[in-house]
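A.B. asks: Given the sequences, and given the hints that come with them, work out the whole structure.
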Amino acid sequence: MKKVQIVIVGGGPAGLAAAVAAWEAGCRDLLILEREEALGGILKQCIHNGFGLHTFGEELTGPEYAARYIEKVEAYGIPYQCDTMVVNISEQRVVTAVSRSEGVQEFEAGAVILAMGCRERPRGALGIPGWRCSGIYTAGTAQKLVNRKGMMPGKRVVILGSGDIGLIMARRMTFLGAKVLGVVELMPYSSGLKRNIVQCLNDYDIPLLLSHTVVDVAGKERLTGVTVAQVDEALRPIPGTEQIFDCDTLLLSVGLIPENELSSMAGVELSAATSGALVDEQLETSVPGIFSCGNVLHVHDLVDFVSEEAAKAGLAALHYAEGKLPQPENQMVVESGFGAGGVVPQRMSKTLAEPVQLMFRSRGVYPNAAVAIELDGAEVARRKFRILTPGEMVRMAFLPAWAAEHPEAQKVTVRVVLPQEGGEQV
Amino acid sequence: MSNKKELTCIGCPMGCQISAELDEEGHILSLAGFTCKVGENYAKEELTAPKRMVTALVRLSGGREPLSVKTSKPIDKKLVFDCLRAAATVSVLRPVKIGEVILPHVCDTDVDLIATSEVL
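Read top to bottom, the protein sequences are chains P and C.
Numbering-wise, our numbering puts 120 at position 20 of the first sequence, and it's gapless, one number per residue.
Numbering-wise, our numbering puts 157 at position 117 of the second sequence, and it's gapless, one number per residue.
Once the Cα atoms are required to be at most 27 Å apart in a straight line, the calculated DSSO-like pairs of lysine-lysine come out as:
id, chain 1, residue 1, chain 2, residue 2
1, C, 117, P, 279
2, C, 117, P, 255
3, P, 249, C, 137
Honestly, the hints are just simulated from the structure, not real lab data.
Being a predicted model, the structure only gives us computed values, none of them experimental.
C.D. replies: Laid out in C-alpha cells, this is it:
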C-alpha cells in the first residue's frame, strides 16, 4: 500500500482547484484520481461561454476554464491518474482504485478530498409511462454526444426541464440544425438563469411551457412523439389539456444528484436536503480527514464558486494531514429556517478565524425579500435581495465576531424574511 | 409610425419586462419597465445593436470528434447563423492550441473564430 498525503477523488473543476490550492500551500505529495480519459470533468463538454467571470474577470468556455487549472497542474507537476476508477474509500482513508494500466491500487491517504461531482436524474426517477424506446436522453448525455463525440441525437426535439443544461442544449441543438419544439417545465417558474431563457430560447423563438409536463411517450423502437399536459397547483396533470408533439428526441434536464456512493462507503453522513455530505466550515465531513467540495457536496450554479470552495477544502485537507487542523469541537448547528433549504456548512465552530460563506437555496420565488441570520433566535444580520429564486444559490458571509458575541449560542438559523414581515424596510 | 418591442432584461434574476417604442429608423423613442441602470443600458444596446458570442463546433481532420470554437468577441446577432454556416465548412488539422485562429474575419467582420480546446 502506497502512502499519499492527500488523495483527491475526481479531476473536474473541484478536484483541480483543490489540488492547485494544496500545492500552492506547500503540499508536494498528492494525487488526483480521475475516471475519465482526461482531466476537466463536465467542463470538457460545456463548450458555451459564461464561465469564470468571478474568478478570471472574463467569460470563458468550459474547456478554457478547465485549461486554466490543468495548465497549473501540469506546470507544478501535480501527479494525476486518468482512466482510474476509485471503487472504495475506507473510514481509515484507504482509497482503492482500479485501472487498466495499474490494476488494483491501494493508497493510504493522510487526507481524502471527495470531488466526484454529480450526475443527472434519469428517466427512471420520473415515472414517465410509455415504451423504453430510443431517443430519450438526459440533456448532459446529449451534450456529450454532440460536443465531444460529434454525434446528433435527433432532429425534432422536446426538452423536459428548464434548468440551465436544458436551455443550453435547446440552443445547441438549434445551432446544429435540429428543430426544438419546446421546453416543458413542471414548475410555474424556470430554474434556469434569465440570461439563458433570453439567449437560448427567446432568441430562437423556442416556446417555454411553464406548469406543463410530459405525461406519455409514444414509439416502440424509436420515440415518435410525446404528450404534454398542463399541471395544476399540486403539480397534477389537468385532463383535457394534453397536446401531442411529433418528435424523435426527448431530452431530460430534471435535476442533478451528487454522486456520493463512495462517501457512504467511507461512512460519511449525508444531508437529506443537499444529498451531499454534512460538513463543517473547513468542509470536513463526519469522518475525520475526509473533506468534500464542489457538486458532490451540493449542486452549484457557477463553477467559480466550486473552485473557491474546493480551494478551501484543499487547504483544510493539507492542514489536517499536517496535524494542524483544529479538532472539531464546540460547534454550532447551522439550520435552514423559513424559505431556505440545504444550507452548507451544516456545522460551524464558535471560534472562527475568518468569515464563513453560508450557501443555500430559497424554496420559492420571493421578490423584495431579505435573508436573516440568527443565533439562537437573535438576529445578527439581515440582507435585502431584489429577488430570491431556487435557481440561484444565495451566499452570505457569517462573521467571526457574531459567534464571539454570542458564546452560548448553539444554533445558527438562516431564513427568508418576506416583505410584509418587514423585509422591505431594510 | 412607431414600432413597439418587448424584451426581458438579463441583468439579474428579476428579469424585468422592458417595453420600448422605436421609430422607423430604429431610434428609441421611449423605454419603460426597467428598474435599474443595468436594465436601461441592456435595453439600449439590445434594441440598437444586439450582439452575441457564438460558440460552435468545427470538423477536425482524421476523426469524428469535433473541435470547439468561439467568436473572438460578440458578433452582430443577425450574423449568428451565417457564422455557424461558415464554421460548418471548416476542417482543421491537428494539433490545435487554445486561442489559435481557426477562421479569420468570419462573415467579413473583424471577428475571428478561435479554438477553445487543445487537441494533440
